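Student: In order, the protein sequence lines correspond to chains A and B.
Those letters in the first sequence? Residues 1 to 114, per our numbering, in order.
Those letters in the second sequence? Residues 1 to 114, per our numbering, in order.
Quick caveat, the hints were computed from the structure, so don't treat them as lab data.
Owing to the predicted nature of the structure, the values given are computational and were not obtained by experimental measurement.
Where is the CB? At the ideal position from N, CA and C, for every residue including glycine.
Don't take each hint at face value.
[What the hints assert, rightly or not] Here are some of the chain B residues that sit facing chain A, going by a computed Cβ distance under 8 Å: (1) I13; (2) K26; (3) L48; (4) K69; (5) F88; (6) F104; (7) G105.
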Amino acid sequence: SAVISQKPSRDICQRGTSLTIQCQVDSQVTMMFWYRQQPGQSLTLIATANQGSEATYESGFVIDKFPISRPNLTFSTLTVSNMSPEDSSIYLCSVEDLGAGGYTFGSGTRLTVV
Amino acid sequence: SQQGEEDPQALSIQEGENATMNCSYKTSINNLQWYRQNSGRGLVHLILIRSNEREKHSGRLRVTLDTSKKSSSLLITASRAADTASYFCATDGNRGSTLGRLYFGRGTQLTVWP
Chain A
1 SAVISQKPSR DICQRGTSLT IQCQVDSQVT MMFWYRQQPG QSLTLIATAN QGSEATYESG
61 FVIDKFPISR PNLTFSTLTV SNMSPEDSSI YLCSVEDLGA GGYTFGSGTR LTVV
Chain B
1 SQQGEEDPQA LSIQEGENAT MNCSYKTSIN NLQWYRQNSG RGLVHLILIR SNEREKHSGR
61 LRVTLDTSKK SSSLLITASR AADTASYFCA TDGNRGSTLG RLYFGRGTQL TVWP
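Input sequences plus hints: build the corresponding full structure.
Tutor: Structure representation (structure tokens):
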């Protein structure tokens with residue numbers, strides 16, 4: 001199974017600032033997925049990131065707010081821009097695990113905006 | 001919504017007892033997956049069952065799928081305190097949904113008391 005290193009694990013940020021979350025995968029993957037999990041809620045897909053092309057955003061999420069980079073097949077970043085307290089959530093990256101089936105998730109970034 | 005829904009939302013049992021969690025979904029699927037999340041951290045893939053399968057086992061886990069009722073159940077036998085976590089079902093959606101997109105339910109919070 002793929003192993004994902006996600007950083008930072010948590011952060012407390014001031015409103016109006018931005019935070020960049022990084023995910024490094026130990027193998028090359030075509031697609032990486034970014035999810036948000038609001039307190040006590042389920043996971044919601046933010047966008048799908050393919051190497052060499054712009055990310056595809058789900059309804060309700062826009063590039064200006066959540067810019068994504070995918071410079072190569074093992075790395076991606078998600079930036080949460082101009083943060084407000086409503087952005088306080090856990091953010092997770094994910095890749096498909098072709099060997100075992102299912103998906104492998106990063107350990108998550110717990111973001112608190114004050 | 002294609003989102004799955006688990007029930008119960010919370011389940012509290014004693015060590016050694018069995019825990020059963022249910023999931024219902026709304027659209028046709030290719031597969032259904034169960035994940036575990038400890039204390040708001042990353043998700044761990046537990047088991048995947050395909051739409052043409054009715055039952056699957058993995059260690060102390062038993063998953064059933066009834067596509068006619070659009071429902072699945074996860075049974076954890078001989079539970080342990082270490083099984084305490086949130087459990088989510090996720091479906092891959094039907095044709096036309098974003099490739100690789102998973103639809104998560106809100107989860108069942110399982111507490112196993114020693």
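Student: Decide, hint by hint, whether the structure agrees.
Tutor: Right, here's what the structure says about each hint:
no. : hint : in the structure
1   : I13  : violated, 21 Å
2   : K26  : violated, 14 Å
3   : L48  : holds, 4 Å
4   : K69  : violated, 21 Å
5   : F88  : holds, 7 Å
6   : F104 : holds, 4 Å
7   : G105 : holds, 6 Å
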